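Participant: Here are the chains, one letter per residue:
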Amino acid sequence: MPDIFVEEKTKTSDNATHHHVKEGHEKEESEPLMHFPKLTKKSVHLFSSFCENPGDITFKNQEKNEDVLLFVRKHFITNFLWITIGIFLLILPIIIGPIGFLLNISLSFLSAKFVIFFTLFYYLAVISYLFVRFITWYFNVSLVTTDRIIDIDFSDVIYKNLASTTLELVQDVSYTQTGVFRTFFHYGDVLVQTAGENTHFDFDAVPKPEDVVHIIGGLIGKDGNL
Amino acid sequence: MEIFNSFINGDITNIVVKVFFLTCSFLFSIFLLVVFKQVTSMNAIVSDENDSLILKLIAFSLLISSVSLFLAALVIL
Numbered sequence: 001m002p003d004i005f006v007e008e009k010t011k012t013s014d015n016a017t018h019h020h021v022k023e024g025h026e027k028e029e030s031e032p033l034m035h036f037p038k039l040t041k042k043s044v045h046l047f048s049s050f051c052e053n054p055g056d057i058t059f060k061n062q063e064k065n066e067d068v069l070l071f072v073r074k075h076f077i078t079n080f081l082w083i084t085i086g087i088f089l090l091i092l093p094i095i096i097g098p099i100g101f102l103l104n105i106s107l108s109f110l111s112a113k114f115v116i117f118f119t120l121f122y123y124l125a126v127i128s129y130l131f132v133r134f135i136t137w138y139f140n141v142s143l144v145t146t147d148r149i150i151d152i153d154f155s156d157v158i159y160k161n162l163a164s165t166t167l168e169l170v171q172d173v174s175y176t177q178t179g180v181f182r183t184f185f186h187y188g189d190v191l192v193q194t195a196g197e198n199t200h201f202d203f204d205a206v207p208k209p210e211d212v213v214h215i216i217g218g219l220i221g222k223d224g225n226l
Numbered sequence: 001m002e003i004f005n006s007f008i009n010g011d012i013t014n015i016v017v018k019v020f021f022l023t024c025s026f027l028f029s030i031f032l033l034v035v036f037k038q039v040t041s042m043n044a045i046v047s048d049e050n051d052s053l054i055l056k057l058i059a060f061s062l063l064i065s066s067v068s069l070f071l072a073a074l075v076i077l
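Here the protein sequences come in this chain order: R and Z. With the numbering used here applied, the first sequence corresponds to residues 1 to 226, in that order. With the numbering used here applied, the second sequence corresponds to residues 1 to 77, in that order.
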């Protein structure tokens, strides 16, 4: 009887051990190597240029366990020039009309139909110009995820470049903030140096550059640099 | 025949302006088509759930406006 009792106890113990090992193994498979505290997800709006832990952002080839920790674009103030040009172009016909009248320049060689069509075409072109400039800014995105750093460049409608590197390959991160304008609006360039094929990643004119450096530095274990 | 008569009557300016306008409008429509395709492809690379639809709608509206303007000019002018 005592033998049977001992045997049962051993069995139970074995089962428990086996179960425990199995659980541990499952845990190893399902959880990522690096652990990040669960932070509240923030929503990114159309004009956001800096967001920690964004909730709505997804990207191509995103892994299941990969979370976006940081999302940055150029500071919105960098759009000042094209917005000003756009506004000027929108009001230009209103200015030109009276000036043309004062200088006695007439478009009498064109029929009214042509003038209407040209005006519509002009405004469509200006709105398209503004839209193209906006998407050029909008799609120039840099992402820091739990696994890697992704830099997406998009310019002149026809050029796009996507570069990424794993966090293990990141060697150093630094930022520069020069000029009155940048200091006033608090943005600068972040330089991420890597040991990969792309030796460096530039995040141009991003807001809160020291925060970006701090976050990436924390991920690569160089938190104390600042 | 009408175009030929216009040439004969010395109404060349209108025809030149019309051809110029239609060419510009056509090329502009193609450009906006490229913009629309790029917006769609960039949304596939990186997207925000809320904004993707807005951007696509704006790009599509611009394209439709441009094509409409081209067709209207082709018929009316």
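These are computed hints drawn from the structure, not numbers from a lab. Here the structure is a predicted model, which means the values were calculated and not measured. Heads up, the beta-carbon is just placed ideally off N, CA and C, and yes, glycines get one too. Some hints here could point you the wrong way.
As the list claims (entries may be wrong) - Facing chain R, a subset of chain Z residues (Cβ under 7 Å, in silico):
| # | residue |
| --- | --- |
| 1 | 42 |
| 2 | 46 |
| 3 | 65 |
| 4 | 67 |
To be verified - Within a straight-line C-alpha distance of at most 25 Å, the following computed DMTMM-like cross-link-like pairs (lysine to aspartate or glutamate) qualify:
| # | chain 1 | residue 1 | chain 2 | residue 2 |
| --- | --- | --- | --- | --- |
| 5 | R | 160 | R | 204 |
| 6 | R | 160 | Z | 11 |
| 7 | R | 41 | R | 156 |
| 8 | R | 74 | Z | 51 |
| 9 | R | 60 | Z | 51 |
| 10 | R | 208 | Z | 51 |
| 11 | R | 41 | R | 211 |
| 12 | R | 160 | R | 189 |
| 13 | R | 113 | Z | 49 |
| 14 | Z | 56 | R | 153 |
| 15 | Z | 37 | Z | 51 |
| 16 | R | 64 | Z | 11 |
| 17 | R | 42 | R | 156 |
| 18 | Z | 37 | R | 153 |
| 19 | R | 113 | Z | 51 |
| 20 | R | 42 | R | 56 |
| 21 | R | 113 | R | 147 |
| 22 | R | 64 | Z | 51 |
| 23 | R | 60 | Z | 11 |
| 24 | R | 42 | R | 63 |
| 25 | R | 160 | Z | 49 |
| 26 | Z | 56 | R | 211 |
| 27 | Z | 37 | Z | 49 |
| 28 | Z | 37 | R | 56 |
| 29 | Z | 56 | R | 189 |
| 30 | R | 41 | Z | 11 |
| 31 | R | 74 | Z | 49 |
| 32 | R | 160 | Z | 51 |
| 33 | R | 42 | Z | 11 |
| 34 | Z | 37 | R | 211 |
What the hints assert, rightly or not - Derived DEER-like restraints, expressed as beta-carbon distance ranges:
| # | chain 1 | residue 1 | chain 2 | residue 2 | range |
| --- | --- | --- | --- | --- | --- |
| 35 | R | 171 | Z | 68 | 50 to 56 Å |
| 36 | R | 101 | Z | 45 | 30 to 36 Å |
| 37 | Z | 14 | R | 186 | 24 to 30 Å |
| 38 | Z | 76 | R | 160 | 26 to 32 Å |
| 39 | R | 89 | Z | 14 | 23 to 29 Å |
| 40 | R | 47 | Z | 23 | 53 to 59 Å |
Participant: Hint numbers the structure violates, sorted upward?
Facilitator: 4, 6, 7, 13, 16, 17, 19, 21, 23, 26, 29, 30, 33, 34, 36, 37, 38 and 40
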